[in-house]
Amino acid sequence: MDIFIRRANKCDHEALLPLFRQVHELHVSERPDLYKENSTPVSQAFFESQLDDVKQHIFVATIGNDLAGVIVMKEEEITENSFVKARKVLYINSLCISEVHRKQGIGKRLMKYVFDFGKSLKVDSIELGVSENNPHAIKFYESIGMKTKSRKMEIILN
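The sequence shown: position 79 = 79 (my numbering), numbered continuously.
To be clear, the hints were calculated from the coordinates, so they are not data collected in a lab.
Computed from a predicted structure; not experimentally measured.
Idealized CB from N, CA, C, for every residue including glycine.
There's no promise every hint is true.
[As the list claims (entries may be wrong)] Result set (SDA-like, lysine to any residue): computed pairs, CA atoms no more than 20 Å apart in a straight line:
no.: 1; residue 1: K55; residue 2: V123
no.: 2; residue 1: K55; residue 2: T79
no.: 3; residue 1: K74; residue 2: R87
no.: 4; residue 1: K88; residue 2: K147
[To be verified] Estimated spans, in silico, between C-beta atoms of each pair:
no.: 5; residue 1: D66; residue 2: E25; range: 19 to 27 Å
no.: 6; residue 1: H136; residue 2: T79; range: 30 to 38 Å
no.: 7; residue 1: K152; residue 2: K108; range: 22 to 30 Å
no.: 8; residue 1: S43; residue 2: S150; range: 13 to 21 Å
no.: 9; residue 1: K149; residue 2: S29; range: 22 to 30 Å
Build the full structure now, drawing on both the sequences and the hints.
If you want it as structure tokens, here you go:
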């Protein structure tokens, strides 16, 4: 099985919609108080705006003509001030492997590609958020060397 990783292009939107839906439906099921049901969670216009933004990066993993996975990232610079040092971070906003292609090493290949890409950008770190309700994702990220940096907590008042 040959896995090829490349930058996403505008023609990929339609083929990526099932993956975007998969991620969005997980968010909706976990937090219907925050996320709205939407069969097109990423519009063509929004997708193209991400592709046009030099600070955002979308890569896809393909197997033959199949889009097997996608990773969406954004570069951010933290400005130094009196209490934090300047840093350049590559944030992973989304990673999704199609259900039929899971457990085949595609996620690890995409993440290795992103780690190398981050090094080429000279970022200080690669970071992401993961739900406490997604133990499979947490285990996956830990298996590739990522560590918990912080934890967000909340109390819902209404």
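Results of checking the hints against the structure:
1. A threshold of 20 Å between alpha carbons decides the hint, and for K55 with V123 the separation of about 12 Å falls inside it, so the pair holds.
2. Proposed proximity of K55 and T79 is supported: the alpha carbons are some 16 Å apart, at most 20 Å.
3. Taking the CA atoms of K74 and R87, the gap is near 14 Å; set against the 20 Å cutoff, the hint holds.
4. Straight-line distance between C-alpha atoms of K88 and K147 comes to about 18 Å, which keeps the hinted pair within the 20 Å bound.
5. Taking the beta carbon of each, D66 and E25 are about 20 Å apart, inside 19 to 27 Å as hinted.
6. Taking the beta carbon of each, H136 and T79 are about 36 Å apart, inside 30 to 38 Å as hinted.
7. A beta carbon spacing of about 26 Å between K152 and K108 agrees with the range 22 to 30 Å that was offered as a hint.
8. For S43 paired with S150, a C-beta distance near 31 Å fails the hint of 13 to 21 Å.
9. Taking 22 to 30 Å as the suggested C-beta distance range, the pair K149 and S29 conforms, at roughly 26 Å.
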